[in-house]
Amino acid sequence: MIIPTLTYLTSISLKHQEDCSLLGAVTDDTSGTILYVEEIYSADAWVAQHKITLKGEFLESIDEDFGVNDHITPLSIPSQAVKPQRGWHTMTLNYAGPRHRGMRETERVVDVIKPLSIAMKMALAQRFKLEAPLIIIGMAESYVLAEIPLTRPNLFIVCRRMRLAIALPETKLDERGQTYDYDTLVIYRAHFHRRDTSSETLVEDLLEELPGITLNRPMDCLLYADHIFIADGGSGDLPSRIHVWHLQLPESEETGDE
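For the sequence shown, the working numbering begins at 1398 and goes up steadily by one.
Since the hints were made in silico from the structure, they are not lab data. Owing to the predicted nature of the structure, the values given are computational and were not obtained by experimental measurement. Be a bit skeptical, because a hint or two may be false.
[Unchecked claim] Think about it this way: if two alpha-carbon atoms lie no more than 25 Å apart in a straight line, the pair counts; the simulated SDA-like pairs of lysine to any residue are:
#1 1511 with 1480
#2 1526 with 1549
#3 1480 with 1403
#4 1480 with 1420
#5 1452 with 1568
#6 1412 with 1425
#7 1452 with 1415
#8 1480 with 1512
#9 1412 with 1437
#10 1569 with 1465
#11 1480 with 1580
#12 1511 with 1499
#13 1518 with 1535
#14 1452 with 1406
#15 1511 with 1490
#16 1569 with 1493
#17 1480 with 1607
#18 1480 with 1499
#19 1480 with 1455
#20 1569 with 1499
#21 1518 with 1491
#22 1412 with 1583
#23 1518 with 1606
#24 1480 with 1442
#25 1452 with 1643
#26 1452 with 1410
#27 1480 with 1453
#28 1412 with 1610
#29 1526 with 1634
#30 1569 with 1610
#31 1518 with 1568
#32 1452 with 1437
#33 1526 with 1512
#34 1511 with 1564
Could you put together the complete structure from these sequences and hints?
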């Protein structure tokens, strides 16, 4: 199968450093393509929404501002806006295994996780800066947050949230006094997925990178007007961002654009 060409164009920094998503995209006669974006931040789940051009100009924003603004009106999304697609066609990538934290023997972790090869564990340990690859037990969870159909019916870009089961060197106590000797590490990935492969693998694309920029926590994706948009959650001092690629498909291929 021919893989489309993605050309990285730009990234737009948002106002906060936590979760973000795409609400829709439209075309405006004056500003061109306009994105509607939402951020959710802090333990209190405050909300901000923005209307942004591809040049990074914020045309309109609303923000609860950590509770300072307690009576905000959500942005009005045009009815013709193209919105992201949730993970329907790619749901075979979804997998729920053991509890997020517990005792390995009690939870039968080795029996219910998706195993990883030693080579994959080493690569993941290096990619996510883990101290030793052998502490990775396997894949404990996988969930498709959003999908983009590129060439029907089989080629997609997906944003996934996954959990790696991690063995701890010693047993610990959580805040409720429960013992645990394994924990899970949440990772986010955006990658191509081919539905027609013989094995609906959960792990083979974990190290695949989209061109041009390293993603932090890809949480949502959208195809509009030959452009791929990915909402990338922030962390620490890194703001949430919207990344933009130009998409080039072979003329004979049918895209999932609306």
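Now the hints, each set against the structure:
1. Restraint check: the Cα-Cα separation between residue 1511 and residue 1480 comes to about 32 Å, which exceeds 25 Å; the hinted pair is violated.
2. For the hint pairing residue 1526 with residue 1549, the CA-to-CA distance comes to about 37 Å; that exceeds 25 Å, so the pair is violated.
3. With a C-alpha separation of about 20 Å, the suggested pairing of residue 1480 with residue 1403 holds against the 25 Å cut-off.
4. At most 25 Å may separate the alpha-carbon atoms for a hinted pair to count; residue 1480 and residue 1420 meet this at roughly 6 Å.
5. Annotation: proposed proximity of residue 1452 to residue 1568 is violated, straight-line Cα distance about 51 Å (limit 25 Å).
6. Taking the CA atoms of residue 1412 and residue 1425, the gap is near 23 Å; set against the 25 Å cutoff, the hint holds.
7. A distance of roughly 22 Å separates the Cα atoms of residue 1452 and residue 1415; the hinted pair therefore holds under the 25 Å criterion.
8. Among the hinted pairs, residue 1480 with residue 1512 is inconsistent with the structure: their alpha-carbon atoms are about 35 Å apart, more than 25 Å.
9. Taken as a hint, the residue 1412 and residue 1437 pair is honoured in the structure, with Cα atoms around 10 Å apart against an allowance of 25 Å.
10. The hinted pair formed by residue 1569 and residue 1465 fails the criterion: a straight-line CA distance of about 39 Å is larger than 25 Å.
11. The suggested pairing of residue 1480 with residue 1580 is violated, with an alpha-carbon distance near 35 Å, which exceeds 25 Å.
12. Annotation: proposed proximity of residue 1511 to residue 1499 holds, straight-line Cα distance about 17 Å (limit 25 Å).
13. For the proposed pair residue 1518 and residue 1535, the alpha carbon gap of about 8 Å is at most 25 Å, so the pair holds.
14. Note on residue 1452 and residue 1406: the hinted pairing holds, with a Cα-Cα distance of about 10 Å set against a maximum of 25 Å.
15. The hinted pair formed by residue 1511 and residue 1490 meets the criterion: a straight-line CA distance of about 12 Å does not exceed 25 Å.
16. Annotation: proposed proximity of residue 1569 to residue 1493 holds, straight-line Cα distance about 24 Å (limit 25 Å).
17. For the hint linking residue 1480 to residue 1607, the alpha-carbon distance of about 21 Å falls within 25 Å, and the restraint holds.
18. For the suggested pair residue 1480 and residue 1499, the alpha carbons sit about 38 Å apart, so the restraint of at most 25 Å is broken.
19. The hinted pair formed by residue 1480 and residue 1455 meets the criterion: a straight-line CA distance of about 19 Å does not exceed 25 Å.
20. A threshold of 25 Å between alpha carbons decides the hint, and for residue 1569 with residue 1499 the separation of about 10 Å falls inside it, so the pair holds.
21. The straight-line distance between the Cα atoms of residue 1518 and residue 1491 is roughly 20 Å, inside the 25 Å bound, and the hint therefore holds.
22. A C-alpha spacing of about 23 Å is found between residue 1412 and residue 1583, which places the hinted pair at or below 25 Å, so the restraint holds.
23. For the given pair, residue 1518 sits about 17 Å from residue 1606 by alpha-carbon distance, which is consistent with the 25 Å threshold.
24. Simply put, residue 1480 and residue 1442 have alpha-carbon atoms about 22 Å apart, close enough for the 25 Å limit, and the pair holds.
25. Restraint check: the Cα-Cα separation between residue 1452 and residue 1643 comes to about 14 Å, which is no more than 25 Å; the hinted pair holds.
26. Under the criterion of a C-alpha separation no larger than 25 Å, the hint pairing residue 1452 with residue 1410 is consistent with the structure, at around 11 Å.
27. A C-alpha spacing of about 19 Å is found between residue 1480 and residue 1453, which places the hinted pair at or below 25 Å, so the restraint holds.
28. Between residue 1412 and residue 1610 the alpha-carbon distance is near 20 Å, which keeps this suggested pair within the 25 Å criterion.
29. For the given pair, residue 1526 sits about 18 Å from residue 1634 by alpha-carbon distance, which is consistent with the 25 Å threshold.
30. A C-alpha spacing of about 37 Å is found between residue 1569 and residue 1610, which places the hinted pair above 25 Å, so the restraint is violated.
31. Simply put, residue 1518 and residue 1568 have alpha-carbon atoms about 22 Å apart, close enough for the 25 Å limit, and the pair holds.
32. For the suggested pair residue 1452 and residue 1437, the alpha carbons sit about 23 Å apart, so the restraint of at most 25 Å is met.
33. Among the hinted pairs, residue 1526 with residue 1512 is consistent with the structure: their alpha-carbon atoms are about 20 Å apart, no more than 25 Å.
34. A hinted pair counts as satisfied when its Cα atoms are at most 25 Å apart, and residue 1511 with residue 1564 qualifies at roughly 15 Å.
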